[in-house]
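Colleague: For reference, the chains in residue letters:
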Amino acid sequence: EPEVTQTPSHQVTQMGQEVILRCVPISNHLYFYWYRQILGQKVEFLVSFYNNEISEKSEIFDDQFSVERPDGSNFTLKIRSTKLEDSAMYFCASSERPQGIGETQYFGPGTRLLVL
Amino acid sequence: LAKTTQPISMDSYEGQEVNITCSHNNIATNDYITWYQQFPSQGPRFIIQGYKTKVTNEVASLFIPADRKSSTLSLPRVSLSDTAVYYCLVGEGDMRFGAGTRLTVKP
Numbered sequence: 001e002p003e004v005t006q007t008p009s010h011q012v013t014q015m016g017q018e019v020i021l022r023c024v025p026i027s028n029h030l031y032f033y034w035y036r037q038i039l040g041q042k043v044e045f046l047v048s049f050y051n052n053e054i055s056e057k058s059e060i061f062d063d064q065f066s067v068e069r070p071d072g073s074n075f076t077l078k079i080r081s082t083k084l085e086d087s088a089m090y091f092c093a094s095s096e097r098p099q100g101i102g103e104t105q106y107f108g109p110g111t112r113l114l115v116l
Numbered sequence: 001l002a003k004t005t006q007p008i009s010m011d012s013y014e015g016q017e018v019n020i021t022c023s024h025n026n027i028a029t030n031d032y033i034t035w036y037q038q039f040p041s042q043g044p045r046f047i048i049q050g051y052k053t054k055v056t057n058e059v060a061s062l063f064i065p066a067d068r069k070s071s072t073l074s075l076p077r078v079s080l081s082d083t084a085v086y087y088c089l090v091g092e093g094d095m096r097f098g099a100g101t102r103l104t105v106k107p
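These protein sequence lines map, in sequence, to chains S and A.
Take the first sequence: its letters are residues 1 to 116, numbered as in my numbering.
Take the second sequence: its letters are residues 1 to 107, numbered as in my numbering.
In short, the hints are calculated from the structure, not lab data.
Please note: incorrect hints may appear among the correct ones.
[To be verified] Below, computed lysine-lysine pairings styled on DSBU-like, alpha-carbon distance capped at 35 Å: (1) S/K57 x A/K69; (2) S/K57 x S/K83; (3) S/K42 x A/K106.
One chain only, chain A, in its complex shape (with noise of 0.2 Å):
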């Protein structure tokens, strides 16, 4: 399974754009990138996932580059209720999850 590297947390304001930036640098061919996001005291919820380029959902967009050694999750026009930790896996088999990226979203 590849490794994966994200920011421990971000801050941000309701209604900006949130950029969250996860690095892959051994990721394989045939690995997806999936996000997951966890509310506290919840499990975690699929978001979304791609292969490569650009994938759009109703809840957020995941920009893929060429290379496929990073991806960057993009929410729009947060609210205070997506103040969550949000989990960047690549990879086939077994869940591994890392310590994630603490998005707290301020009013």
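For reference, chain S alone in the conformation it holds in the complex (with noise of 0.2 Å):
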């Protein structure tokens, strides 16, 4: 059965810093998410991404965050200047057709932020 992924699994990384998380989705899906889950709290919505361009976004999702299909297969979500708050774990999803009417997402394992 395919299946998201995402790499890295795990990333600590120092207050300030950058970094890019990536995700592969599923090859005909065409609906790509972000979402994040801090520990010991529900799972959050951060961004949607359709043809190139972000669909929606949450208002966590501010300027430190963008995403990018940078090739046919991958699909990255980019912190500018990590926070200490941003730490948790950060899910990827895609869908063949936008959320809705017998569709689901298709959730990647998660890759486990720390920011120190």
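Build the complex: two chains, separate frames, hints provided.
Modeller: Following this line, the structure appears as structure tokens:
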């Protein structure tokens, strides 16, 4: 069964550093998403992406965040200057069609980011 | 997006049937109801989706009454490995997860 993959599985960084989290969505999917989950808390939507554009973003997704699909397979989340509160598990997801009628999102295993 | 309300936690024993109910009073006409499962340190995983009446797959059943203001996820004969958080989501567009229901299955 095809699956979403994410790298790295864990990343430790110093506050103020830039990090790039990478995702390879399922190959025939066109809609891509990033979520984060702070330890012990709920899954929070960050951003959705389609046709090389951001479709929607949450209030969490401020100017420190950016997303990119640099080639035909990767989908990246960049945090420009990490803060302690960015420490979380970051999940990438993809879907063939927009979330809605008869559609589901497939999630990757996540990247655990720790900002020191 | 319709707001959903679920119990924060539930306990069960192996072999029992577990029913988790989600309230979504403001569900819109076009909204589907989707349930996800999340194990610790893993991404959410799709379980089942429905619009009305009953849907069944190899993992679970989903019961939706005629007014669609609630839905019940039914897990038959749970095992220890079903211990997870279960999320009910309603609507289209980007998914906004609630706190979910933490199910603990005991031996």
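Colleague: Now look at each hint and say whether the structure bears it out.
Modeller: Structure-based check of each hint:
1. S/K57 x A/K69: holds, 28 Å
2. S/K57 x S/K83: holds, 19 Å
3. S/K42 x A/K106: With Cα atoms ~23 Å apart, S/K42 and A/K106 stay inside 35 Å; holds.
The structure agrees with every numbered hint stated previously.
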